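Peer 1: The primary structure of each chain is shown beneath.
Number of protein chains: 2
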Amino acid sequence: MKTLPVTPHALDALTEALRRLPGVGPKTAQRMAMHLLQHDPSGAEILGQSLLHAVAAIRHCRECNTFTEDELCQVCADQGRDRSQLCVVESPSDLLAVEQSHAWRGLYFVLMGRISPLDGIGPREIHLDRLVARVTSDEVKEVVIATNFTPEGEATAHAIESLLKSKGLYEQKRVSRLARGVPVGGELEYIDLGTIAQAVRERRKL
Amino acid sequence: MKTLPVTPHALDALTEALRRLPGVGPKTAQRMAMHLLQHDPSGAEILGQSLLHAVAAIRHCRECNTFTEDELCQVCADQGRDRSQLCVVESPSDLLAVEQSHAWRGLYFVLMGRISPLDGIGPREIHLDRLVARVTSDEVKEVVIATNFTPEGEATAHAIESLLKSKGLYEQKRVSRLARGVPVGGELEYIDLGTIAQAVRERRKL
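Protein sequences appear in the order of chains A and B. Residue numbers are given in my numbering: position 37 of the first sequence equals residue 37, and the series is strictly consecutive. Residue numbers are given in my numbering: position 89 of the second sequence equals residue 89, and the series is strictly consecutive.
These are calculated hints, taken from the structure and not from any lab test. For clarity, every value in this text was computed on a predicted model and none was experimentally measured. Among the hints, a few may not be true.
[To be verified] Just a few of them, taken from the derived set where beta-carbon distance is under 7 Å, the chain A residues facing chain B:
(1) Ala17
(2) Met34
(3) Asp40
(4) Ile58
(5) Thr68
(6) Leu72
(7) Ser93
(8) Ala97
(9) Val98
(10) Glu99
(11) Ser101
(12) Ala103
(13) Arg105
(14) Val140
(15) Glu142
(16) Ile191
[As the list claims (entries may be wrong)] Label-pair distances were calculated between CB atoms; the ranges are:
(17) A:Ser176 <-> B:Gly23: 15 to 25 Å
(18) A:Pro41 <-> B:Thr150: 17 to 27 Å
(19) A:His102 <-> B:Asp70: 37 to 47 Å
(20) B:Glu187 <-> A:Pro151: 57 to 67 Å
(21) A:Pro41 <-> B:Ala77: 39 to 49 Å
(22) B:Asp129 <-> A:Gly23: 21 to 31 Å
(23) B:Arg201 <-> A:Pro151: 57 to 67 Å
(24) B:Ser42 <-> A:Gly185: 36 to 46 Å
(25) B:Pro41 <-> A:Arg180: 29 to 39 Å
(26) B:Glu202 <-> A:Pro41: 36 to 46 Å
[Said to hold, decoys possible] Partial chain B-side listing against chain A, Cβ under 10 Å, derived:
(27) Pro22
(28) Leu36
(29) Ala57
(30) Leu193
(31) Thr195
Glycine included, each C-beta is placed from N, C-alpha and C at the ideal position.
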């Protein structure tokens with residue numbers, strides 16, 4: 001957006017910086033900047049400090065690679081978790097989603113990315129070697145690949161599978177992928193055909 | 001949104017702080033926080049610093065009340081502006097909109113609010129006394145009330161008009177309101193009826 005000499009520099013800089021947020025364009029950024037300065041300067045200060053604090057304080061868990069403020073994240077540090085099971089997810093938000101389902105009592109490994117040849121992200125960029133090292137540990141008996149069911153997530157799952165096979169780990173550990181099918185509450189009439197086809201192919205015996 | 005003990009505190013605090021932005025709910029805030037930490041930590045730092053800098057550096061212009069980093073804003077400091085004309089707007093964004101139209105060469109007065117009885121904002125809360133003091137100055141010959149054409153903006157315009165009348169300023173200065181009518185490029189078929197009725201009542205002689 002054209003800026004006029006009438007806007008103070010600090011306001012222009014703030015508007016520009018707000019555009020770094022995902023989904024925020026020039027108009028929204030300007031509205032946000034004006035709102036904070038006009039109606040919520042203390043909110044702006046809190047947000048500013050939270051951002052600087054988060055960037056400084058948050059690092060990656062030594063074991064599972066998710067965000068944490070300590071050496072180990074709270075899941076890895078929790079002695080009540082089943083340490084023989086490892087769930088591989090793309091991002092900390094995915095970890096959170098699985099946690100919220102209360103269906104997993106094992107540990108995690110967070111890739112912090114997915115394979116995306118179009119963006120030049122291959123197996124090396126998402127540090128699959130770290131995952132292999134983790135899976136190699138005697139402690140781990142089962143690996144659940146829980147990458148997204150998007151083309152990139154599927155490519156990532158496939159790359160992990162090949163890698164575990166090439167290292168001879170596929171035979172030693174129980175490796176699985178999250179089930180695909182009709183979502184809970186789903187009505188067949190409104191479900192996309194690819195999902196229905198998948199659910200038919202992978203039908204479960206009762 | 002329910003937070004789980006698995007998210008580090010600094011990340012929760014950031015997500016919570018991002019919700020102070022207008023139009024940002026819990027899901028969007030979480031997505032923004034994750035995005036910044038995962039893909040753009042330098043953006044997060046820049047945004048954090050811009051916020052703190054803006055809050056510290058930006059104040060109100062002594063003359064017109066808009067945002068500025070100096071004693072006087074750049075419009076008020078500009079000797080090329082017509083100092084006899086004063087345009088009254090609700091907010092710095094409105095000032096920017098009028099500036100961008102390149103149709104105004106006078107000065108401004110920014111109310112930094114509007115009358116809104118439902119929110120407990122009356123004439124006192126938006127400092128109309130400062131506006132009256134500004135209009136009283138001999139320098140000012142003409143006042144254009146450019147508050148929005150919303151119920152609150154109209155109530156504000158009405159309050160300003162009454163106040164100027166009660167102070168005897170209405171007769172001394174040329175007081176006007178922005179024209180209402182069909183927008184440029186507007187097709188009658190798609191314009192709301194209130195605007196058409198207004199445009200008919202306020203039709204101009206050719």
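Peer 1: May I ask you to test the interface hint for Ser101 (chain A) with respect to chain B, counting a Cβ-Cβ separation under 7 Å as satisfied?
Peer 2: Because about 11 Å separates Ser101 (chain A) from the closest Cβ in chain B, which is outside the 7 Å limit, the hint is violated.
Peer 1: Using the beta carbons of Glu202 (chain B) and Pro41 (chain A), state whether their distance is inside 36 to 46 Å or not.
Peer 2: This hint holds: roughly 40 Å between Cβ atoms.
Peer 1: Close enough to count: is the Cβ of Ala57 (chain B) nearer than 10 Å to one in chain A?
Peer 2: holds (4 Å)
Peer 1: Is 21 to 31 Å right for how far apart the beta carbons of Asp129 (chain B) and Gly23 (chain A) are?
Peer 2: Roughly 42 Å apart at Cβ, these two residues miss the hinted range, so it is violated.
Peer 1: Does the interface hint hold: is Val140 (chain A) within less than 7 Å of chain B, judged Cβ to Cβ?
Peer 2: violated (19 Å)
Peer 1: So, as I understand it, the hint says Arg105 (chain A) touches chain B; can you test that by seeing if any CB pair is closer than 7 Å?
Peer 2: violated (13 Å)
Peer 1: Minimum Cβ distance from Ala103 (chain A) to chain B below 7 Å?
Peer 2: Status violated, d = 14 Å.
Peer 1: Is the hint on Asp40 (chain A) kept, meaning its closest Cβ partner in chain B is under 7 Å away?
Peer 2: Nearest chain B Cβ about 6 Å off; hint holds.
Peer 1: With chain B as the partner, please determine if Thr68 (chain A) meets the hint condition of a C-beta pair closer than 7 Å.
Peer 2: holds (5 Å)
Peer 1: With chain B as the partner, please determine if Met34 (chain A) meets the hint condition of a C-beta pair closer than 7 Å.
Peer 2: Holds, because the Cβ-Cβ distance from Met34 (chain A) to chain B comes to roughly 5 Å (cut-off 7 Å).
Peer 1: Let me know if the C-beta of Ala17 (chain A) comes in closer than 7 Å to any C-beta of chain B, holds or violated.
Peer 2: Check passed: Cβ of Ala17 (chain A) comes within 4 Å of chain B, closer than 7 Å.
Peer 1: Taking 15 to 25 Å as the stated bounds, is the beta-carbon spacing between Ser176 (chain A) and Gly23 (chain B) within them?
Peer 2: violated (40 Å)
Of the numbered hints stated above, those contradicted by the structure are hints 6, 8, 9, 11, 12, 13, 14, 15, 16, 17, 19, 20, 21, 22, 30 and 31, listed in ascending order.
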